[in-house]
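Engineer: Next come the chains, spelled out residue by residue.
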Amino acid sequence: MSHVALRGVTRVYPGKTPVHALGPLDLELAQGEFFAVVGPSGCGKSTLLDVMAGLASPSAGEVLFENSNVKGQVPDGIGVVFQEDASFPWLTVHDNIAFGLRRRGVAEAEVAAQVGYAIEFMGLKEFAQAYPAQLSGGMRQRVCIARTLVLKPRLILLDEPFGALDQQTRLLMGDELLRLWRETGATILLITHSLDEAAMLADRVGVMSARPGRFLELIATGWPRGRDSTIVASESFGRLTSRIWTLLRGESLRALGHG
Amino acid sequence: MDKVAVTRIAIVALAVALLEALCRLGVIPNFTVIPPSAMAQSLWKILASGRFSHDIAATLVNVGIAIVAAMLAGVAAGTALQGWPAARRTLDPLFATYYAVPMYAFYPLLIVIFGLGDFPQVAIGFLLAVMAVIINTLNGLDRVPAVLLKTARVHGLGFIQEAFHIRLPYAAPYVFTGFKLAVAYSFIGVIGAEFITSSRGIGYEISFAYNNFDNPVMYAMILFILLLVITVNLSLHVWEKRLLARRRRA
Amino acid sequence: MKWRDPLILVFLMVVLWQALYLLVGDVALRSPATTVHNLSNLLNDPRFLPHINETAIAFAQGFAIAVVVGLLVGVPLGAARFAGEVAEPILVALYSIPKVTLYPVILLVFGIGMPAKVAFGAIHGIVPISIFAMNAVRNINPTHLRTARVMRMSFLDLTLRILIPAALPEIVTGIRVGFSLALIGTLLGEMFGSQRGLGHLLMQAMSLHNIERILALTLLLVAFAAGINALLLAFDRRLHARA
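Residue numbers (numbering that gives the first Met the number 0), protein chains in the order written: chain A, 0 to 258; chain B, 0 to 249; chain C, 0 to 242.
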C-alpha cells in the first residue's frame, strides 16, 4: 500500500483566463521513499506540492495520504519546508522550533526536551537564543526544517529549500537532509531545480514536462540507503544526470518559448 | 552623540535662550509672554504644592482610557476588516476622509447627549485615535508574507489562532506605529476638549488661568503639557527602536 | 474613484443615524431628514451668511499662509540634507503637540478676533505642509538631477521641468492634509475666543442646548470637510498615478 497516492490529479487556476498548471498526473510514493521532482520553470512543481499538502485542492482527481483523501486542509503528519524564509522574526530560534508543539498544548518540559534534541540535531545549539534576523539564510532554513522535524511528520515536502544558498552549502545541506531522512524514516518529496541535487539525494527522480506539468519519466537511481554527497564522483552519477538533462532540455526550451 | 542630535539640541536651546532674552529685555511684554525661566519656576511651585494634582490626574486618566480603548477597538476592528475585504472596500472612503473632518465639531453634540462629565472628552480622544490604529493595523496585516500564512495552515491553525500567533506578531511594528499615533491623538483630543469646555483637567486650568489673566499659572501648565507630550513621544520612540532591533537584519 | 462605494457608505451612515435617533429620541438628537431641512433653512437665513463669511475668510487666509510658509520651510529643508535631518524630529514633535494649548498664547499676541483665528488655522497647516514638502524634495531621484546636468539644463529649466513635476505629487498630498487641518484649526479657534463664525455658532448652540442647530452645523462642517477632501484626494491620487 503506498504512503501517498495521486490519481489523475489536475489543477487549473480559475480566473478570466484559467491557467492549466498541473496534470493530469499519477504518482505513488512508498513509505520511507526519497522522491525528487525536477522540471523547467513554471511547470507546476510548486503547485504539485501545494496539492499534495492540502494547501490547494485538485480541480480533478484525488490525493491520498495514508489512504485518506487530502482536500482543503493540511492533514496531521505532513510537514512542509518552503522556498522562502518562513521563520518567525519575532521569536528566538528556540521559540520558533517550539511553535508547533506549543500550539498543540504539549507540556513545557516535553517541549524543552524535543526542541533541545532538534536544535542539537540541526547544529543550532549556539544560536538557540538568537533571532532569525541575526542568522544567515542557510541557518534560517535549518530553523524551519527543525521546526518541521520536531512535530515528527511522516511525510516531508520541501520546495527548493536550498534555492538561496551557494553550491557548497547546498551539497552539505544535502548530506544533512539524507541524515534526517535516515533518522526519521519519513517519506520525502523534494522539489529542486538542480539536477545534481535530485540525482544525488533521491531514490527516484520524477522529471516533469513544461506546463501543464506531467511526469515524463520516473527514474530510479538505485543508490544505497547510506549514501552521501561523495556519490557525485561516481560514473553512474554522470550517466544519471545526463539522462535527466536529455529529458529536460527539450522541456526547458519549450518552457522558454522555443522549440 | 552624533552631529545631528547635537545640532538639534543646540537649536532648541538657542530658541529658548532667545525667548528668554527677548522677554527679560521687555521686547516681548510680560502680559503677553513670560520668560521661560519664570514658566519653569511657576511650574515647579505648582507641582510641589500639588495644587493641580486632581486636574493632572483627571487628564492623564482620561487620556489613558482613550488610548487603551482605541488600541483594543482598533486592533480588533483592523483584524476583522482584514478578513472581510468587502466591508473594507466599502469603508475605504471613510479611512481616507476621516482625519479631514473636524472631530471637535461632535463635541457639543456629545455634551448635549452625555452631559459635562468625562465621557465626551474621552470619546473625542478615542474617536481621533482609533482610526490611526485601524489604518496602521491593516497596513501591517497586509504585509504578512504568504509563506507565513501557508505555514499557519501547515500547523493547522484556525482564523483566531492564526491572527494571534502569526499575523499580529508579524504586524507588531506597524501596530506600534498606530500606538504612537493613538497616544498623540488621545492627548490632542482630550486636552483640546477640556479646553473648549470642561469642569476639570489640565486644559480646563489653562483656559481658566487665561480668562483670569493669570499668566504665570497659564504658561506653567502650557509648559507642562509640552514637556509631557514630548517626553512621552520620545520614550515611545526609544522603546520602539529597542523592540525592533531584534527584527532588523544584522 | 468608484462612486458606488462612497455612496453605500454614506447610505449606511444615514441609516445608522436614523436608527440612533429612533433609539434616543428628540431629547438628544434629530433625524437626518429634519436636520437637512434645518440646515437649508439656516443657509437661507440672511443672518447666517456673515458667519459663514467670517469662517471662510479666516480659513482662506490661514490656509494661504500655511501653504506659503510651509513650502518656504519645507523645500529648503528637503534640499539641504543635514538641515533636514536636524529639523525632522522637531517638526514631528510640533505635529503631535496639542496645538490648542498654544491658543491662549496666540490670543495674547494677536488679541481676540480675526488675526488670532487666521494664525491658529495657519499653525495647524504649516507643519504637515512643510513635512510633506521636505520629503518630496528629499526624495527626488538623484538620477534626474544627474541627467539634467548631462543635458546642461539651466537652473530655471531644471526647476520647471524636473524639480517641480517630481516633487509635486507629495507636495499636493501635504497641501491636501494642510487644507483639512487648517480648516479644523480655524474652527477650533472659533469655538472659543470668538464672537463670530461657524465655530462660535456651534458653541453658542451648545450653551443654549439647541440640538437642531448643533446637528445642522455639525452636518454642514462634516459634509464640507469630507467633500472637499474627497475631491482633493481624487486629484492627489491621479497625480500620484501619473508620477
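Misleading hints may appear alongside valid ones.
Calculated pairs, DSBU-like style, for lysine-lysine (alpha carbon to alpha carbon, straight line, at most 35 Å) [unchecked claim]:
#: 1; chain 1: B; residue 1: Lys179; chain 2: B; residue 2: Lys2
#: 2; chain 1: B; residue 1: Lys2; chain 2: B; residue 2: Lys149
#: 3; chain 1: B; residue 1: Lys149; chain 2: B; residue 2: Lys240
#: 4; chain 1: B; residue 1: Lys149; chain 2: B; residue 2: Lys179
#: 5; chain 1: B; residue 1: Lys179; chain 2: B; residue 2: Lys240
#: 6; chain 1: A; residue 1: Lys15; chain 2: B; residue 2: Lys179
#: 7; chain 1: A; residue 1: Lys124; chain 2: A; residue 2: Lys151
#: 8; chain 1: A; residue 1: Lys124; chain 2: B; residue 2: Lys240
#: 9; chain 1: A; residue 1: Lys151; chain 2: B; residue 2: Lys2
#: 10; chain 1: B; residue 1: Lys44; chain 2: B; residue 2: Lys149
#: 11; chain 1: A; residue 1: Lys70; chain 2: A; residue 2: Lys151
#: 12; chain 1: A; residue 1: Lys70; chain 2: B; residue 2: Lys149
#: 13; chain 1: B; residue 1: Lys2; chain 2: A; residue 2: Lys124
#: 14; chain 1: A; residue 1: Lys15; chain 2: A; residue 2: Lys70
Not everything, but these chain B residues come out facing chain C in the computed CB check (under 7 Å) [as the list claims (entries may be wrong)]:
#: 15; residue: Val5
#: 16; residue: Thr6
#: 17; residue: Gln81
#: 18; residue: Trp83
#: 19; residue: Ala85
#: 20; residue: Phe94
#: 21; residue: Ala99
#: 22; residue: Val100
#: 23; residue: Ala104
#: 24; residue: Arg246
In short, the hints are calculated from the structure, not lab data. For every residue, glycine included, the Cβ atom is placed at its ideal position computed from N, Cα and C.
Engineer: Going straight from one Cα to the other, do Lys149/B and Lys240/B come out at no more than 35 Å?
Structural biologist: 29 Å, holds
Engineer: Against the 35 Å threshold, does the CA-CA distance of Lys2/B and Lys149/B hold or violate the hint?
Structural biologist: It is violated: about 46 Å lies between the C-alpha atoms, which goes past 35 Å.
Engineer: Per the CB criterion, is Val5/B less than 7 Å away from chain C?
Structural biologist: 9 Å, violated
Engineer: Holds or violated: are the alpha carbons of Lys70/A and Lys149/B at most 35 Å from each other?
Structural biologist: 15 Å, holds
Engineer: Quick check on Thr6/B please, does its C-beta sit within 7 Å of some C-beta on chain C?
Structural biologist: 5 Å, holds
Engineer: Hold the hint about Val100/B up to the distance rule: shortest CB distance to chain C must be less than 7 Å.
Structural biologist: 5 Å, holds
Engineer: With a cut-off of 35 Å on the C-alpha distance, tell me whether Lys124/A and Lys151/A pass.
Structural biologist: 20 Å, holds
Engineer: Hint check: is the beta carbon of Phe94/B less than 7 Å from a beta carbon of chain C?
Structural biologist: 10 Å, violated
Engineer: Does the structure keep Lys2/B and Lys124/A at a Cα separation of 35 Å or less?
Structural biologist: Given pair Lys2/B, Lys124/A is violated - Cα atoms ~41 Å apart, limit 35 Å.
Engineer: Please work out if Lys15/A and Lys70/A have their alpha carbons no farther apart than 35 Å.
Structural biologist: 24 Å, holds
Engineer: At a threshold of 7 Å, is the proposed contact between Ala99/B and chain C supported by beta-carbon distances?
Structural biologist: For Ala99/B, the interface hint holds, since the closest Cβ of chain C sits about 4 Å away, which is under 7 Å.
Engineer: Double-check Ala85/B for me: the hint is only fine if its C-beta lies closer than 7 Å to a C-beta in chain C.
Structural biologist: 10 Å, violated
Hint violations for this structure: numbers 2, 6, 9, 10, 13, 15, 17, 18, 19, 20 and 24, all remaining hints satisfied.
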